[in-house]
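From first to last, the protein sequence lines stand for chains G and F.
Under my numbering, the letters of the first sequence match residues 1 to 307, in that order.
Under my numbering, the letters of the second sequence match residues 308 to 529, in that order.
Hints listed in this document are in silico derivations from the structure and should not be mistaken for laboratory results.
Certain hints may be false.
[Said to hold, decoys possible] If the Cβ cut is set under 8 Å, some of the chain G residues that face chain F in the computed set are:
no., residue
1, 108
2, 118
3, 129
4, 161
5, 169
6, 171
7, 173
8, 178
9, 181
10, 238
[As the list claims (entries may be wrong)] Lysine-lysine pairs mimicking DSBU-like chemistry, simulated, CA-CA at most 30 Å apart:
no., chain 1, residue 1, chain 2, residue 2
11, G, 213, F, 493
12, G, 224, F, 314
13, G, 9, G, 121
14, G, 178, F, 361
15, F, 314, G, 121
[As the list claims (entries may be wrong)] Chain G is nowhere near these chain F residues, computed Cβ spacing over 12 Å in every case:
no., residue
16, 320
17, 385
18, 386
19, 395
20, 402
21, 434
22, 442
23, 466
Even for Gly, the Cβ is constructed at its ideal location relative to N, Cα and C.
Residues per chain are reported as follows:
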Amino acid sequence: MKTGSRLEKILESGAFAVTSECGPPRGADADVIRKKGELLKEVVDAVNITDCQTSVVRMSSLSSCLILKQMGFDPIMQMVTRDRNRIAIQSDILGAAALGINNILCLSGDHQRFGDHPQSKNVYDIDSVQLIMTVKKMRDEEKFLNDEELTKPPRLFIGAAANPFADPFEIRALRLAKKVAAGVEFIQTQCIYNLGRFEAWMRQVVDMGLHEKVYILAGVTPLKSVGMARYMKNLVPGMDVPDELIERLKGVPKEKQSDEGIAICVETIQRVQKMEGVRGVHIMAIEWEEKVREIAQRAGLLPRPAA
Amino acid sequence: MITAEIKPIEEILEIIEPYDKIILAGCKECVAVCAAGGEKEVQFLASALRTARKSNGREVEIREVTLQRQCDPEYVEQIRDFAGDYQAILSIACGVGVQYMAEHYTIPAVPGLNTAFMGGAVQQGVWSEKCQGCGNCVLHLTGGICPITRCSKSLLNGPCGGSSNGKCEVNPEIECGWQLIIDRLKLLGEFESRYAELFPIKDWSTSRDGGLRKIVREDLKQ
Chain G
1 MKTGSRLEKI LESGAFAVTS ECGPPRGADA DVIRKKGELL KEVVDAVNIT DCQTSVVRMS
61 SLSSCLILKQ MGFDPIMQMV TRDRNRIAIQ SDILGAAALG INNILCLSGD HQRFGDHPQS
121 KNVYDIDSVQ LIMTVKKMRD EEKFLNDEEL TKPPRLFIGA AANPFADPFE IRALRLAKKV
181 AAGVEFIQTQ CIYNLGRFEA WMRQVVDMGL HEKVYILAGV TPLKSVGMAR YMKNLVPGMD
241 VPDELIERLK GVPKEKQSDE GIAICVETIQ RVQKMEGVRG VHIMAIEWEE KVREIAQRAG
301 LLPRPAA
Chain F
308 MITAEIKPIE EILEIIEPYD KIILAGCKEC VAVCAAGGEK EVQFLASALR TARKSNGREV
368 EIREVTLQRQ CDPEYVEQIR DFAGDYQAIL SIACGVGVQY MAEHYTIPAV PGLNTAFMGG
428 AVQQGVWSEK CQGCGNCVLH LTGGICPITR CSKSLLNGPC GGSSNGKCEV NPEIECGWQL
488 IIDRLKLLGE FESRYAELFP IKDWSTSRDG GLRKIVREDL KQ
């Protein structure tokens, strides 16, 4: 164990891990986070807090992490390199560790063009792979990026994302290998709808032996409706929603579509659970956190092991 | 070259509103090539401004000049003889030229163009960005395609998860810079050796982040 992370402990024990995510509010109301937290109690091993996802301004990931930490969760602080230079990044890493945060997810972040402040400047002093290198250097070498020593290293379990559905497909496993070489310890994938493509990617990952070097958590997001499925397919970058899935949702009456979406999600979890190299599942129920418990229950993932 | 586009005529009229006698100065270098601030554009803009001001009932006197370069004191000095007879210089060179005019003359130098980027022609009437002048070129490592400029996030270890069918997540009209790099490395037979390498964290101090930049060539200095 390199850190005090509950997620690391569960993954190291060989148990199939369950994580979920919590999107902070567009306001200063801590109760929004607490309410979302209540819905996830005893359902997940760790919970991600997004960092101004889709470049929309929200309460900061670190402060939301602290609110969940106070409720007994093991939060995963998402950090994008879009909004911070290396000075702010290293500072926030130290601050997070000092507040008892045990996990970080290193991301480049959606371009601000998608968000609510498309007029802003972006930073991109470093990229997501280099953010992994940064955390690892600070934690294991006890040094800042300028090679100066730091006094107490931040003991963070290092995560990153992988998107098997982005192009070009043939480099997707190679790019994961770069993240592994940089020092990543767990991966949460983009939401899986195209199981065939995910399986093909996992085969490459296993062939390269990467599954033995990094814990891979398969990402799933339940579809609420045909409308959401179409939106994800057409408007969310790097998302692959096959037509047969949309047809399946269209095949049930409108009021039953969300149930069908949950059923698809549960089936997806059961399928990925059988794949070699998949060590857990990351359930991203976007503004639908109340369904995570049901999904985990129906997929046979409850109760969670004691950490 | 440095590319630029002419500002909307309404904005230029607003900028020159206080003046009745101006010099309209073009440049024969980059902005002439990208058809924004050369001799032809000087003539065209001068006549458009005269007509607009005439219809507003307040005529403007415009002296048209097109210098060889506005980024060189030698040429900028060529309007010295008559500059004092005018109230302002409307420069349609790039931002460099406008600033040279401002440094050399006591009357206001105002811009008629929006300076855009370092790039080149794609086809007749289309220009695209190629270089951000980061001061530490890595093109030998990336198949001659710049990740800093061509990737919308300037990722050195790309492509990100938003690359789809060769296009960037920002806009389907933008090609994914990293898809281009990968294709090119494959063509050159360098993909295997280069792609797996981790690109180290970049030193941006040679870019504008290091403060105002200056090149001093001692061997040429007088």
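We went through each hint and held it up to the structure:
1. 108: This interface hint holds because 5 Å falls under the 8 Å limit.
2. 118: The hint is violated - residue 118 of chain G has no Cβ within 8 Å of chain F, the shortest such distance being about 10 Å.
3. 129: It holds, given that the least Cβ distance between residue 129 of chain G and chain F is near 4 Å, below 8 Å.
4. 161: 7 Å, holds
5. 169: 10 Å, violated
6. 171: 6 Å, holds
7. 173: 11 Å, violated
8. 178: Check passed: Cβ of residue 178 of chain G comes within 6 Å of chain F, closer than 8 Å.
9. 181: 6 Å, holds
10. 238: 4 Å, holds
11. G:213 <-> F:493: 27 Å, holds
12. G:224 <-> F:314: Given pair residue 224 of chain G, residue 314 of chain F is violated - Cα atoms ~47 Å apart, limit 30 Å.
13. G:9 <-> G:121: 39 Å, violated
14. G:178 <-> F:361: 65 Å, violated
15. F:314 <-> G:121: Since the Cα atoms of residue 314 of chain F and residue 121 of chain G sit roughly 22 Å apart, the hinted pair holds (cutoff 30 Å).
16. 320: 25 Å, holds
17. 385: At roughly 38 Å from the nearest Cβ of chain G, residue 385 of chain F sits farther out than 12 Å, so the non-interface label holds.
18. 386: At about 36 Å from chain G, residue 386 of chain F clears the 12 Å cut-off, so the statement holds.
19. 395: 30 Å, holds
20. 402: Per Cβ check, residue 402 of chain F is outside 12 Å of chain G; nearest 18 Å; holds.
21. 434: Holds, since 21 Å exceeds 12 Å.
22. 442: 15 Å, holds
23. 466: The assertion about residue 466 of chain F is violated, with a minimum of 7 Å to chain G.
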